[in-house]
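Let the sequences and hints guide you as you build the complete structure.
Residue numbers (the working numbering), protein chains in the order written: chain A, 1 to 79; chain B, 1 to 79.
Since the hints were made in silico from the structure, they are not lab data. Check the hints yourself; a few may be wrong.
Which copy? The list can't say, so a pair holds if one copy fits it or any two copies do.
Claimed, not checked - Computed list of lysine-lysine pairs in DSSO-like fashion (alpha-carbon distance at most 27 Å, straight line):
#1 K40 <-> K10
#2 K2 <-> K73
#3 K40 <-> K73
#4 K53 <-> K2
#5 K53 <-> K73
#6 K40 <-> K2
As the structure is a computational prediction, the values presented were derived from the model and not from experiment.
Residues per chain, in single letters:
There are 2 protein chains.
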Amino acid sequence: MKYRIFVTLKPGVLDPQGEAIRHALGALGFDGVNSVRQGKMIELDLAETDAAKAETIAREMCERLLANTVIEKFQIEPV
Amino acid sequence: MKYRIFVTLKPGVLDPQGEAIRHALGALGFDGVNSVRQGKMIELDLAETDAAKAETIAREMCERLLANTVIEKFQIEPV
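What follows is the structure, given as structure tokens:
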């Protein structure tokens, strides 16, 4: 099973990386950028073929390693 | 207009970050991980309300700043 995992900062958590991108876009002449938030995307290819089991594994991977659940949320999408 | 932009390494480009994640998952006892690739997700909120114009702007942002098109590809999705 293949999954795409999106890890993003929770709303309200300051995103200095996103802010840096916003400034850089402004410096390049792009106006009208209301906000920029940067997150991570992780493409996982698991050997497990049972969809329910694979998703449970992916969720556990997020909780234990891929996301810092204090400040980040994650979303798992099958590909 | 709001967009989600996915920036990922082109196929064939070595992904040390993804490899590091794969090793770390193995160390945590997760077996059966065929591959891991890490990319970036950028959430853009543009003031432009015309969908066609906004997408053109987003594409130009990707080409000029957000992606290194020599080794990375990008994908733009409206939210």
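Tested hints:
1. K40 <-> K10: Both: 13 Å inside a chain and 16 Å across chains, each within 27 Å.
2. K2 <-> K73: both (20 Å within a copy, 19 Å between copies)
3. K40 <-> K73: So K40 and K73 pass the 27 Å test inside a copy (11 Å) and across (15 Å) alike.
4. K53 <-> K2: Within. Shortest intra-copy distance 12 Å satisfies the 27 Å Cα cut-off; inter-copy 33 Å does not.
5. K53 <-> K73: Answer is within: at 21 Å inside a copy they meet the 27 Å cutoff, but 31 Å across does not.
6. K40 <-> K2: both (17 Å within a copy, 17 Å between copies)
When each numbered hint is compared with the structure, no violation occurs for any of them.
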